[in-house]
Each structure stands twice: as structure tokens, then as C-alpha cells.
Amino acid sequence: MLEVTDLTKYFETPSGKLHACEGVSLNINKGETLGLVGESGCGKTTTGRTIIRLYEPDEGRIIFDGHDITHITQHEMLPFRKKMQMIFQDPYASLNPRMTAGDIIREPMIIHRLPKDEHTDRVNHLLKLVGLNSEQAGRYPHEFSGGQRQRIGIARALAAEPEMIICDEPISALDVSIQAQIVNILEDLQKSLGLTYLFVAHDLSMVRHISTRVAVMYLGNIVETAESDELYTHPLHPYTVSLLSSVPIPDPDKSAARQIIPLKGEIPSAVNPPKGCKFHTRCPNAKPECSSLKPELEDKGSNHFCACPFV
Amino acid sequence: MNDEILRVENLHITFTTSAGEVKALNGVSFGVKRGEVLGIAGESGSGKSTAMLSVMGLTGEYGHVHADKMTFMGEELTPERVKVLRGKNISMIFQDPMTSLNPVLSVGYQLEEALKRHHWEGSIRERVIDILTKVGIVPAEQRMRDYPHEFSGGQRQRIMTAMSIACNPELLIADEPTTALDVTVQAQILKLLRELRSSSGMSMILITHDLGVIAGEADRVIVMYGGKIMEEGTVREIFNEAHHPYTVGLLRSVPKADGSHERLIPIEGQPPDLLNPPKGCPFVKRCPKAMKICLSQQPEPSTLSETHKYSCWLGVKN
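Residue numbers (my numbering), protein chains in the order written: chain E, 3 to 313; chain P, 104 to 421.
One or more hints might be untrue.
Claimed, not checked - Straight-line C-alpha distance at most 30 Å; calculated DSSO-like pairs for lysine-lysine: (1) LYS193(E) / LYS359(P); (2) LYS266(E) / LYS237(P); (3) LYS130(E) / LYS395(P); (4) LYS289(E) / LYS32(E); (5) LYS130(E) / LYS219(P); (6) LYS289(E) / LYS294(P); (7) LYS32(E) / LYS359(P); (8) LYS359(P) / LYS302(E); (9) LYS289(E) / LYS266(E); (10) LYS256(E) / LYS359(P); (11) LYS266(E) / LYS294(P).
Simulated from the structure, these hints should not be mistaken for lab results. Owing to the predicted nature of the structure, the values given are computational and were not obtained by experimental measurement.
Looking at chain P on its own, in the form it has when it is part of the complex (with noise of 0.2 Å):
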């Protein structure tokens, strides 16, 4: 597919620690077009940022990162070919913005400093000032020279939001970006990046475990448990025609939009222990479908339509 940006083919990574080799990630594969959202929804430990990281190539030297295929542009991704991509063509939002600041830098000067690291041809002052103007800190001649600790938590993540579009990414990677601010503030910081991808045309990935940011946000999603994806398919798809007993499970588990004071009907279980991982798939121990065959052998992907896919023996057999 052309239009593709990124492309990642049977993405496995694991840890060492202490206790053994994590495998966080277990063949995932995916992809993103020009100017889409890809919405990757899961819970702790699901694999949805380590996936993020090794696409950055973030995944330090205790990750050991094996893809079949990883490209972005057309272009593979090796680690030096990711160093200049990174900041510049790929960047990336984390969730906490009060860490992911120097607090002895002005935010000017750190916006200074990723511009400078990428060879932004033109007044480097102006295109602060400019971005800062785009994502609402006004005004910026003055504010840029504010340290971080004088904003607000939704100010500070607009100040990330303006470093990561900083050099006009292709790919914006936004994981959990707005998990640690009030819903009002995250009204408003999802309001900003539609306007950004609006005026600029760049695809995103948005990583969260919030259904309702996903359903708001996302033009695909991916849903994603134990390191392995459960389902994948247009937003319509996942939330009005899930397939996955993960992805069923997790969309009863959480009230229903019109208040209705139903019971809720919870995921029972705990979640996965990655070290000793189940050896068939991920989600056997908690499914109310399981079957003897899920506990020895990974499910193969059944396809439903065009881009709607789900991994579970039920599919297989059907």
C-alpha cells in the first residue's frame, strides 16, 4: 500500500530482568496511512506503548527489538536511519508533561533546542513564537521565557504538543497525551491536535486505555492485549461490531452512554502475567469463551472485511 507511512511486520520485543526475559510485544503488525488516526487501546502491561518506543527506536539496551519489516516513507527504519527521523519526522507526546520537561530550561529554550537539533532553516526565534501562538500560549514573547513549573498541567501539555509538531512531523505518536489532565483540559487538548492535523495533514497514533478518546479520536483501532492484537478494525467496526471477546468484554465493562444503571458486566480475572505468559492466547485465562484449544495454540487472524480482523479460535472455527 502506497499511502501507507509507516509499516511495522511481527514486532516481538523483550526484556531482560531480574526475574527473566518479559516478552512485552508478540508478533504485532500494523500500519498507518497519510493523515489517518490510529487509535491503539489497552491496559497496563498490553504492549501499546513498548510498541510505540521501539518504532522511536526507545527501547534501551535491555529491549531487544526483532521485526520482520519495519519501514517508514518506504524507508527501513534501522537505529541510525530512527535518530534522524525522531524529533523531526516521527515525534512523539508522552502522558505526563511535568516529567517530560526540563524544569531548569525555559520552555523556549527547550523548543529553541529541538529545532536547532534538527536544522530548522529560518529564524529559529519566530518559529517558536509561532507554534507557541498555534497551540494557544499567549503570548508567547513573553511566555516562552517561563520555566515549566509556571503553567498549568493542560499548558505544559500544550507546550509538549507544540515541541512534538515543533519540525512539521509526517508522524505524530501521542501516547496517553492527555490521561493525566481533567476532561475539560483534555476537551481542549484533543480540540488542538484535530486543528493541527486539520491544517497540516499528519497521521497520528493515539495510544489510550479510554474508550470514549478512542470513539471521538480515532479513524482505525487497534485493540491490543498480553502483546499480542486481539482486533483490529475501523472505529464503527470495534465499537459496534466487535468480534474479540477481549474487545466485548472491555466495552461492557465500562457504563453505557445513556446512564443506563445496568449492572456492569466486568473482565473477571487478573491481567496478564508477562513473564510466564499463557502459551496460547493471551486472554485465555480471563475469557468466558475460552476453549481447550486456546490454552496450547495462538489463534491465526480471521478477516471479516477488508480491515476488520480479530485473533480468536471462535473466528477460526466459524
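Next up, chain E with everything else stripped away, as it sits in the complex (with noise of 0.2 Å):
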């Protein structure tokens, strides 16, 4: 369904240039969910940001659909965009306080032109479909909680009929107890409507839980991509591995009897990024030639592909 192709966004600060996303390759199957992992500045919302044309891609392929949209115009993009939908993290911040729930969630029927005699049933049946009911269509946002809120962002999304969504970080913002909500929504979506999703997050097991595939990404690079659970019972890559020892376990015994794997140091600045492996600086495996060695992601069997000749 989608193909990305070493897809690369600098950014120019008063520095330099930030290498937000370098040579970036990914692919998404219909119906499935890819999540993209990372830190703070890992270029993760920069990727999917880019690929919905967002964000001007610098170099690189995106190929939706079997359509090249790497390069084509804004209104060339918009039969695409009534395609490819987002969700975004902040649901206080993505919703124009002054439109009330309903013409929120009608704005993009009027952008796509989906006939008019529909808006207001298909107002009322997303918001059936999100969990709300259509009495609150007249509402405005700060009349709602976060999670209310956010499932007014994902009918939003719904509203074009997408065949795929890129759900950039859309639990960060709310309690434990509804992010589960929301995860369980987007799960019915998915198996009813068909939906494939890239699901960019920081919440490593709330990842593994609703992807299909799990891609990690470090400085800009995807350092491993495998299968969900094979990630994160067989991870890699030294970043992955570290990565992963850090979560914490919500079982006391569990979490006494593991191992954290520690990171040395900082994260690099991503304008100046260490020369070869980019993780070189930190990894605890580190050898002379990483510093000059520009790591590929190789297949190391069972769909599993990690940047790192030595593992």
C-alpha cells in the first residue's frame, strides 16, 4: 500500500542543516499496522509528517497506491489526502477551539466534496462509530476530556474515508485508563473498515501491542524492523536491545529480576551526527570501524532486518 524509498528531510536551523530523516525505507501492507519507535528527535514524526506531504521531501520515493506522490503538487495531493488521514497527539491543540465537534468532523466531507445530503447522517454515524453520541455535535472542544476529544480527532480522520491513517503519537496525551479506549478503537476500525495505520509512538509496549511490524528508529535512521513480537523477544540491534531493556515492567517481580541495559551519555545533536554508524558514540559493542562504516539494514532471516554487521 505504501512504499517508501530512502526518503530524507533536512531542516535548516541557524547551525545547519538537521538531519531529521536520512534515507528512510519502509513499507505498509493494506490492513496492517506498522509502528515506528524511537526517542525525542528520532525523526519518527518527521517520517510520517513527510510522507503525507506535510513536510517537503528532500530526496527519496514515496510510492501510495502505486502512485508516485513524491513530488506532485498540493492539488494533485488532494485525491491522496482524502486517501491518507492523520491523527494527532495533542488533542487540545488539534482541534479548532471555535467549530463546534460536528463541523469539525464535517470539514473534510466539504474539503473531499462528498455529496451534501450525507454531511449531517455521516456526522452522527461517526460519531456513533468513535463511542460519542450525535447530541454532542454541537459541542465545543473544551466541552469534552482529552480521550473524547481524541476520538473527535479520529472521526475527523474517518470522515474522507481514508484506507490508511498515520497515527502520530495518539495516546501520549491521555490517562492509562483511556488510552486503552482509544487502542481499542482503533483496533475495531482497523478489522471493520479495512484500515492500514503507521502508528508512531514512544510507548514501546503499547507498540507491540496494536503493530503488526515494529521499525526502530535512531538519529533519523531505521536501525531494525521485524515482526512485532520477534522484535521484542529477539531484539538486534545494541540500540533496540537497550531500548527495550529501559521499559519498565508493570510486575514488581518481573521488574526486579531484569537486566537494564544502559546508554552511555547524550544523544548527538542531529545537525552535526557522528561520522559512520551514527550509534557508535553510545553503543556498548562499539568497534573501531564503526566510526567509518555506514551500516545497511540487512536481512537476518525471518523478515527481520537490522543495521548492524555485527549481530
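Combine the two chains into a complex, taking the hints into account.
Laid out in C-alpha cells, this is it:
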């Protein structure tokens, strides 16, 4: 459904070029969920936003549904936007406070010229689909709780009848008990509507739960991808190993038994990333040659790819 | 109990707002023993931070605090007494290390200020270098001249930690100390706090919504909801033998550690409205086991063991 090859996005900053995402390749099959994880500043959000052309890609190719959408104009992009929608992290900032919930959900239908006489029915239908009721269509965002607002964001993303949704940290701003509600809604919608998700998040245990496959990013590069369970049970890349070992486990006995593999130092600046393998400055297994070689994703068997030649 | 350094009985806090009285805390009692880590779990608005701000005397002019008893090391925590203890014997780390540091003063200056305020005996400069080194900000002589923006988020939280332990407090209150940080940095900070505790024997209250962090760090746990304590017990009692429907629901709504893709069981409904709290149990509207009595009356805590208590009519009935 989506095929991204060598996607690169730079940002000009006063201190130089910031390499937000560099040579990112990934593909997502219809009906599956690809989890994209990594720490702040690793480029996961930039990747998502560049794919949907909120940012202009500097290099690489984006093929969506067999069409090259890398450099088409925003006008030509419109029919693809209809098929590819987005859910944002902050349910407070991503809804216009001066529009009612109903108008927010109706807006994509107007933009994408869905038959006008169906709008109201469809708004009501979508509200029901995300667990709200049609009486709430006339209310403004501030009258809803965070979880309810995220439901409105989901209904808006569904309004244009998309095939794929880019979910950018859709649950990180929500309380624990509400997160599960939203994840369940996303899973139900995927089943009933056959949706494809790119799920960008830093909550590693939730990503494992929802994803078919997972890609791990570090400083603008994908360092490892595998089927979700395979990645979590047999991580190969030293960064993934350390990252997963740091995830808190909600079980006191398991928590006491596990070994955290700490990372040395701080994440390097993306303006001046380390030469060679970008992770070599913090890698527990770094070898002298790591500062010069540029590791590519290699097939390590059973659909598991890792950008480290030493594992 | 003599080994308790903090004791709070029947704490109530109401905030006066333009929309009316908000009852942030409604009869909360707890204690912290010497050397222990007390975890406080709960969602936004459950009152976990407010409870700690009231211990520190930081609830502001619109916060009305009433407690039957609030003592620290056996002495009553009067507003005057708190001013003396705050920052010295009881100190606090806040969630956001960027807004908790003054951006126009060097971090060394800010640490010196804390030590001067509490009349540190001995060389202040040496102490600053000593604690910065302890929290891993090196070389300290050089880095103490830098300003907050020259540090990463994790380093800033290390500096906040350095500030809070500068005067060797007996009790450290850490309010979501790692929530703004990435997991690998979180692991570093939690490790640092663990090392500081084992070398000084200080007690810690750890407030967080992350059940994983609680499971890894706390000795005892309090679970709060809607301004009340729902359940309390040792970390194993809470995670392995939870009794309150809210605790059970909370533990079920996070993915299992073994990575099974079983459907999550969320707690339905929305967080409580503190302006119009339910008359009975605060959790009643979302509770799968709610009964008639839950609507009108608040249950008294039922005791399961010396350390394990929960406030639910199900327990009273049994």
C-alpha cells in the first residue's frame, strides 16, 4: 500500500542542516499496522509528516497505492489526502476551539466534496463509531475530556473515508485508563473498515500490542525492523536491545529480575551527527571500524532486518 | 509508629475557582517510613500532586487545606515550620525540568542559592561541585557556569535532582520526575535516585501515572482516584492481589508484560468532574461492580492485611 524508499528530510537551522530523517525506507501492506518507535528527536514524527506531504521531502520516493506522490503539487495531492489521513498527538491543540465537534468532523467532507445531503448523517454515524453520540455534535472542544477529544480527532480522520491513517502519538497525552479505550477503538476500526496504520509512538509496550511490524529509529535512521513479537523477544541491534531493556514493566517481580542495559551519555545533535554508524558513540559493542562504515539494513532471516553488521 | 517520618491524617483541600469549589482532596491519610519509597499512582486530577503540594505548603492562596494531623519527624507541620523545612529536610523534584530552573541564571548560581538559603556550613562552591559530580554532570567546575538551555532534558533533571538533595533531605518528593523524559533517560534518572537513596538513607515519595515505574521503584503504593485513596498496600499486594475495582481496571488497561496481543480491557467512561463529585464513591460512575449504596455513601477502608487496605463497599460486605 505504501512504499517509501530512501526518504530524506533536512531542516535548515541557524547552526546548520538538521538531518531529521535520512535514507528511511519502509513499506506497509494493506490492513497492517507498522509501529514506528524511537526517542524524542529521532525523526519518527518527521517521517510520518513527510509521507503525508506536510513536509516536502528532500530525497527519496514515496509510492502510495502504486502512485508516486513524492513531488506532486498540493492540488494533485488532494485525492491522496482523502485516502491518507492523520491523527495528531495533542487532542487539545489539534481541534479548532471555535468549531463545534460536528463542524470539525464535517470539514473533510466539504474539502473532499462528499455529497452534501449525506454530511449530517455521516457526522452522526462517525460520532457513534468512535463511541460518542449525535447530541454531542453541537458542543465545542472545551466541553469534552482529553479522551473524548481524541475520539473527535479519529472521527475527523475517518470522515474522508481514508484507506490509511498516520497516527502520530495518538495516546501519549491521555491517562492510562483512557489510552486503552482509544487503542481498542483504533483496533476495532481497523477490523471493520480494513484500515492500514502507521503508528508513531514512544510507548513501546503499547506499540508492541497494536503493531503487526515495528521499525526502530535512531537519529534519523531506521536501525531495525521485524514482526512485532520477533522484535520484542529477539532484538538484534544494540540500540533496540538497550531501549527495550529500559521499558518499565508493570510487575514488581519481573521488574526486579530484569537487567537494564544503560546507554552511555547523551543523544548526539542531529545537526552534527556522528560519522559512520550514528549509534557508535553510545554503543556498548562499538568497534573501531564503526566510526567509518555506514551500516545498511541487512536481512537477518525471518523478515528481520537490522542495520548492524556485527549481530 | 516511631519510624514514620511523615504522617498525614484526614487531609482535605478545596480550591476556590470562578466555577465553584473544587474538592481536590477528600480525607486522605498516609505515612512514610524512614528509608522507604512510597509510590503514589493515579490519573490526572486524582489529587496525587495536590496532596504533596499541601505537605510542602505550596497550595497557594486559593487552596484551603485542612488536616487532623500533619507531622514531620514527630513535629507538627505548621506553615511557619514548613518554611524552615522546605528545601532542606523535605525537598521536591518537579516534572518539567525546563520550567523549574531559572533560564537566566547559571545552574551553579541556582545551586549556590539553595545552599545559602539553608545556611550550608562549609564551602558552598565545593558542595556544588560535589553534588553535580554525584549526579553525573561533569566536569562540574566547568559545567556549573552553564545555563539551563545548554543542557539536555535528562541533564536538567539531573541538575534538579542535585538541587533537591543539596541539603541532604530526609524526605524527597519526586512528582513525575521522569514523565517528560525518554525511556533510556528515565532509566538513568531512576538509577541515579536509587543510588542516592542507598547512600543517604532518605525516604522518597514517588508520584507517577506510570505503573511500570511504580512496580520497579516503590516499596509501598497508594492508588488515588478523585481525591481519595482507593487502595494501599505493599508493591506486591497492589500488583498481585489488587482488590479495588479501580486498581484492577488500571492494571488491566495496560498491555501485559509478556506481549500477548489480547484485547485491552479499558475502564469505560471519563475521569470524574471534581466540581460536582459523586456523593458516594468517586469511582462509582465508571465502576463495573457499582451497587446502589456506592452512589450515596463513601465506604470505610477494609483491612486485608497489616499493610493492605482498600475502600470499597464490596470489601465492607464481605
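Now for the hints, and whether the structure bears them out:
1. Restraint check: the Cα-Cα separation between LYS193(E) and LYS359(P) comes to about 22 Å, which is no more than 30 Å; the hinted pair holds.
2. At roughly 16 Å between alpha-carbon atoms, LYS266(E) and LYS237(P) fall within 30 Å of each other, so this suggested pair holds.
3. About 29 Å separates the Cα atoms of LYS130(E) and LYS395(P), which keeps this hinted pair within 30 Å; it holds.
4. This hinted pair does not check out: LYS289(E) and LYS32(E) have alpha carbons roughly 40 Å apart, beyond 30 Å.
5. Distance hint between LYS130(E) and LYS219(P) is unfulfilled; the C-alpha atoms sit about 60 Å from each other, more than 30 Å.
6. Under the criterion of a C-alpha separation no larger than 30 Å, the hint pairing LYS289(E) with LYS294(P) is consistent with the structure, at around 27 Å.
7. In summary, the hint linking LYS32(E) to LYS359(P) is supported, as the alpha carbons are separated by about 27 Å, within the 30 Å threshold.
8. The straight-line distance between the Cα atoms of LYS359(P) and LYS302(E) is roughly 27 Å, inside the 30 Å bound, and the hint therefore holds.
9. With a C-alpha separation of about 15 Å, the suggested pair LYS289(E) and LYS266(E) falls inside the 30 Å cut-off, and the hint holds.
10. Taking the CA atoms of LYS256(E) and LYS359(P), the gap is near 12 Å; set against the 30 Å cutoff, the hint holds.
11. For the suggested pair LYS266(E) and LYS294(P), the alpha carbons sit about 13 Å apart, so the restraint of at most 30 Å is met.
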